[in-house]
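Student: Each chain, letter by letter, is given below.
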Amino acid sequence: MSNTGATVDERIKETSKLRKALIRPELGAIVGTVAVFAFFIVFAGDSGMFNPQGVLNWSTVSAQFMIIAVGACMLMIAGEFDLSVGSMIGFAGMSIAIMSVTLGWPVWVAILLTFALCIAIGALNGIIVVRTGLPSFIVTLAFLFILRGFTIFFPQLIERRTIIGGISEAAAGDWLAPLFGGKVGGAFFVWLGDLGVIEVFSRGTRAGQPVVDGIPMLIIWALGLVIVAHIILTRTQFGNWIFAAGGDAQAARYVGVPVNRVKIQMFMFTAFCACVFATCQVIEFGSAGADRGLLKEFEAIIAVVIGGALLTGGYGSVVGAALGALIFGVVQQGLFFAGVESSLFRVFLGVILLFAVILNTYIRRIITGER
Amino acid sequence: MKKVMKTLTVAAVAATAMVSANAAMAEGERYILVSHAPDSDSWWNTIKNGLALGGEQMGVSVEYRNPPTGDLADMARIIEQAAASAPDGIITTLADFDVLSGPIRNAVDSGIEVIIINSGTPEQAREVGALMYVGQPEYDAGFAAGQRAAGDGVSSFLCVNHYIAQPASTERCQGFADGLGVELGNQMIDSGQDPSEIQNRVMAYLNANPDTDAVLTLGPTSADPTIMALDQMGLAGDIYFGTFDLGGDIVQAIRDGVIEWGIDQQPFLQAYLPVVVLTNYHRFGVLPGNNINSGPGFVTADALDLVADLAGEYR
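The listed protein sequences correspond, in order, to chains A and B.
Residue 243 in our numbering sits at position 105 of the first sequence; the count goes up by one each step and never skips.
Residue 1081 in our numbering sits at position 212 of the second sequence; the count goes up by one each step and never skips.
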């Protein structure tokens, strides 16, 4: 390898630069993103979807999907599923609420302990999967029920309610809470409001303030997670291990990849992402409910698959998953803006998702020549 | 024109549905109703019908929105989004004050009139800056039902809660227990939304607790399977059975003597009246001076025919 220098290795087939640029898992998602935006600009361009409030609305929803999609993507590339993501979101939120409101602990303690708890449950998921050799589908399905059950049981037992509020009051002045529920760029938006670029509230206690008063930390978290995960996956040895563990676990073991450790760590990372989602939600809304996060695990997996990852593992990209989340969020919120009858919402969602995935697979097959 | 639009909507292709909705917008005021109900809850059909009728009679455009899974955090996003689309008014439930008060407040502050319906309390409605509250105070309704049952000699009960994550559901059970003057304790079960699961859980509970006097269900979702469970156990007509809300099967069961009474909170009014109130407020600046209690009304076997005709549609 070291003496090749300028000489071309005749064993490697030559590939053109253009073709190289196209052979990427996220290509389908890029095409899909362009198509979806074009669609909504035509059909909902004047409905408020692209005014500052509207943009913030679908960005926030997309960012939520992105946070869990990043975790699900890494795990899926490593060859496993986590169906407990949605229940984990409800569980983590309830855990923060119980610790901070019912037990009266400082919010930062509640947040840190909840993160530790969630990551530990993620590790438990992973350990059970690698030790027993059972499909992760089944193991995490069990945790879907276990965690949701606890999320309903504990607040019922302790507070006789299934929604615990008052977290906003508890979080006031806390040093860690703004990292999840705060907003950045407030001054910038006030300036935009003064200039008349964005609308201001016309009445009430906040009259004169801009309708959009900052970018939620949720969006910052989403972008941060996407960037970090993308770098880990594409630029580090550990990233290669993730691909190897999902591509062919046995082959990976033969060449010395610690497959079990990698898989367990990916389960922990997925749990971490779910916990970030839950913490942002709880701090923003000030309450935790037993119904939070229902079906989010499937939404995460759908976003990842739109993003070009293979359900069988070993192939995928975080950027693709992020774009998949963006498509999902824009479609979901955009259909409301376009004035589609709400009972048809799922029909549209299903059609567009199916279309995106078929397009995706088709493009990938043409380009990579895989059968 | 209306007929053409109807045919187009029935055709229900992506583009046509959107075009018809957009065309309707131009005709008059535009109101959006946001509920907290998951798609699976059939009770809200009456709300949809009431809303549509209100829109038709007043000549305004109306839209119905709900979070598909009933996730209240998703509902907050829907309200934000409804506000971003700049309608004239938003009619919404206030299922969780912590989650929804922020988005509702923002909508009010950006100049959109809001009416709170169904869930929440009149006090909370005032606090978020809503014009008024239209609904049935849940705890009070449960309490009234409990007192009625106590008068009929009930001292223990089973509350079949099919939507346990919604605090209002729990309040109904709690109110009923307080009205009876007993502890709620373990008498409320989380039945889930699936009919056969509900049926089996009710049977399991009644087998384990054979001395239960009464069953309270919180709507058609839990009442219909409970009727079947009682039929199978041979308890139909024997055990004291009351329910919140009405539906086709519930009305039939009241007629058959299986259900003693149904508490009608008259959801039709909760969707219809806000449309009327908002339209008149926007057109003529007139507004009723108080909140509107749409219920509770007890529906018993007497005078059931009109209710039976319209159950599930407008009742």
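I should point out that these hints are in silico values taken from the structure, not numbers from a laboratory.
Nothing here was measured: the structure is a model prediction, and the numbers come from that model.
Please note that the accuracy of each hint is not assured.
To be verified - If we take Cβ atoms under 7 Å as the criterion, some of the chain B residues that face chain A in the derived model are:
#	residue
1	S909
2	S911
3	T938
4	A942
5	E949
6	Q950
7	I981
Glycine is no exception: its CB is placed at the ideal position from the N, C-alpha and C atoms.
Student: Against this structure, judge whether each hint is valid.
Tutor: Cross-check of the supplied hints:
1. This hint is violated: S909/B has a C-beta 11 Å from the nearest C-beta of chain A, more than the 7 Å allowed.
2. Against a cut-off of 7 Å between C-beta atoms, the interface hint on S911/B is violated, since the closest Cβ of chain A lies about 12 Å away.
3. With its C-beta approaching chain A no nearer than about 4 Å, T938/B sits inside the 7 Å limit, and its interface hint holds.
4. Below 7 Å, beta-carbon pairs count as interface contacts, and A942/B has one with chain A at about 6 Å; its hint therefore holds.
5. Hint on E949/B holds. Least Cβ distance to chain A is approximately 5 Å, under the 7 Å limit.
6. The interface hint given for Q950/B is met, as the beta carbon of that residue sits about 5 Å from the closest beta carbon of chain A, less than 7 Å.
7. The criterion of a C-beta within 7 Å of any C-beta in chain A is not met by I981/B, whose closest approach is roughly 10 Å, and the hint is violated.
Figure legend: structure checked against the earlier numbered hints; hints not met, in rising order: 1, 2, 7.
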